[in-house]
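K.L.:
Sequence:
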Amino acid sequence: MSPDSDLPANRFIDRELSWLEFNQRVLELAEDADIPLLERAKFLAIFAGNLDEFFMVRVAGLRRRIATGIAVRAASGLMPREVLDAVLKRSHDLMIRHAHCLHHELLPALAEENIELVRWDDLGEMEQAELSVLFDERVYPVLTPLAVDPAHPFPYISGLSLSLAVMIRNPNSGESLFARVKVPETLTRFVTVGPQRFVPLEDVIAAHLDRLFPGMLIEQHHTFRVTRNEDLEVEEDDAENLLQALERELMRRRFGPPVRLEVEESIDTGVLELLVRELGISQAEVFRLPGPLDLTGLWALTGIDRDDLKYPAFVPKTNQQLAGVETASAPDVLDAMRRGDVLLHHPYDSFATSVQRFLEQAATDPKVVAIKQTLYRTSGDSPIVDALIDAAQAGKQVMALVEIKARFDEQANISWARKLERAGVHVVYGLVGLKTHCKLSMVVREEGSVLRRYCHIGTGNYHSKTARLYEDLGLLTCDPDVGADVGQLFNRLSGYSLSTDYRRLLVAPHSIRSGLVSRIEREIEHHRAGKPARIRFKANAIVDEACIDALYRASRAGVPVELWIRGICALRPGVAGLSETVRVRSILGRFLEHSRVYEFANGGDIEVFIGSADLMHRNLDRRVEALIRISDQGQIAELSALLDLGMSDKVSSWHLHPDATWERHKFDDSGQPLVDVQEYVINLHQRKGVPAS
536 MSPDSDLPAN RFIDRELSWL EFNQRVLELA EDADIPLLER AKFLAIFAGN LDEFFMVRVA
596 GLRRRIATGI AVRAASGLMP REVLDAVLKR SHDLMIRHAH CLHHELLPAL AEENIELVRW
656 DDLGEMEQAE LSVLFDERVY PVLTPLAVDP AHPFPYISGL SLSLAVMIRN PNSGESLFAR
716 VKVPETLTRF VTVGPQRFVP LEDVIAAHLD RLFPGMLIEQ HHTFRVTRNE DLEVEEDDAE
776 NLLQALEREL MRRRFGPPVR LEVEESIDTG VLELLVRELG ISQAEVFRLP GPLDLTGLWA
836 LTGIDRDDLK YPAFVPKTNQ QLAGVETASA PDVLDAMRRG DVLLHHPYDS FATSVQRFLE
896 QAATDPKVVA IKQTLYRTSG DSPIVDALID AAQAGKQVMA LVEIKARFDE QANISWARKL
956 ERAGVHVVYG LVGLKTHCKL SMVVREEGSV LRRYCHIGTG NYHSKTARLY EDLGLLTCDP
1016 DVGADVGQLF NRLSGYSLST DYRRLLVAPH SIRSGLVSRI EREIEHHRAG KPARIRFKAN
1076 AIVDEACIDA LYRASRAGVP VELWIRGICA LRPGVAGLSE TVRVRSILGR FLEHSRVYEF
1136 ANGGDIEVFI GSADLMHRNL DRRVEALIRI SDQGQIAELS ALLDLGMSDK VSSWHLHPDA
1196 TWERHKFDDS GQPLVDVQEY VINLHQRKGV PAS
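Residue numbers (this note's numbering): 536 to 1228.
Keep in mind that the hints were calculated from the coordinates and are not lab data.
What you are looking at is a predicted structure, and each value in this text was computed from that prediction instead of being measured.
Some clues are possibly wrong.
[What the hints assert, rightly or not] Listed below are the simulated SDA-like cross-link pairs for lysine to any residue, each with C-alpha atoms no more than 20 angstroms apart in a straight line:
1) 717 to 814
2) 954 to 964
3) 1000 to 895
4) 1201 to 1216
5) 1201 to 730
6) 1185 to 1203
7) 845 to 954
8) 624 to 613
Please put together the full structure from these sequences, using the hints given.
P.N.:
Set out below in structure tokens:
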């Protein structure tokens, strides 16, 4: 009999519904009147963008499984159709709530600050006249009205583009016709009509439809937006020429089947029926909403110069260990690493004066002979890529493993791969069937008669822009064991190697799940022996059934389990006889909590890992991931203190209940605000760090 055969069948929360609960937490930040106003607008935009991607990938996947007859129950016990029905209903409720927050909370509050998002009819005559000039000069030349009649079939509607459905009438024949006008994505989403006053671009276009259809009568117009399946599937047979295969798939992405239709609630029934029929979607996939649609455009409001309506300015500090070994212009990172491992905590520790400086210094150091680097996502003006190019042009051996299948960054990564190749960098694309998601950098330096390896292992991408917005951890080390591990892993990624044994690393798909589960089982034995036993994880998601069942076994044995999960959590805490010792918390704020930490009490000899892997099937089975064991006792204590903070009842967080609902805890019993974790850590680092040069 399986050791888990007596566990209840309903022990897993559905992952798709759990994700929607995460996005509700984002929405709750937008609804929070204690958060600065323009930050609330940003959270509305983040919610909208998150949901777009959810439909493009997760909902599209559900539809695909239903269409192909792959009716396999999810771990939650639900069939794909049941999940899809529940997801569509929950999404609809959240989108209505999202629109309500904009119209009834945010816009009135912004108006009190003289920031207005208005519609065309709210504008004065002079404002409309100014926008008519702008339309003629900047908008009209790029518009392409598309008629639908026997000679013109219904046009292709690209995913996430805004469109106007226009009904026009020929005054001579009396015939009514349908036309589509695409709102150009290359133009500003919200047009400025005065200081801090904006109008949607589609309103400007709609007011000038007579210019697009001269001589015709404009009967009605309605805004709509289509979301399509934009997940990529690259066959492994194409792996020999992965670059070309992926480029072909990117072209096909544009023509994925529709999975959602958003329309303004005022849309005419006949026009809606036409759209539904031509797009081939169901009524359940139609979302009628107050306009304007596509609130991802609210990101534009964050550019308004009103610091009083934003979070206080934050400037990262140079890590103390690096600040102590500065040269005339910047930290000597390699020298600091020779003195001991350096634990980085971004964005509180500056990425520019640590990781970026590490690679820039290596690129110009005459004693450095080789650099190896993984790139999963990077920025458009990447200083990391520039450093690799400089190193290659200086004659160093440079290898970059570019993951060109990084979702929605595929085209950008293809461009970087080609740029690196042109500069003489050896570019590889990893292993067939696996995404390379680990965050690794290795510098090989000639020091006397030996070669020393300097390594960085992180939880986040080598992306200078998101490093200012994402909370992540990283380790800079020249420990020989780590150097041997990282060198071996790079050789596996770029060449042929079957070796999967490492000293301080756990590496997926071979040893992360088994390594973590074996340590969970070890905690059970420690608890039974009366030794210190506790399990604490910080991650973005926990879905993997084997890991969850291991945690259930630990809880049933009496081991305390604390989980700090930003997004999806399929584990049910606090269930009698199953997970009574498990607590789950979630923290969202101005930074995206992104680091992964795995801590085990281990009988009093605490063991901590950090790295790139969440506890999901894709991370543990279909990606190359790496976790590194922290060896410095001071750094172990620092990470334990971080987990203490995140799990404390004195901090503001969301608590997960057994019924899969999350409850926000923002105030203590006396009504006083609980501690904001990120503000607390900002203040901590501001006191102990030094200004980043």
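K.L.:
Of the numbered hints stated previously, which ones are contradicted by the structure, given in increasing order?
P.N.:
5, 7
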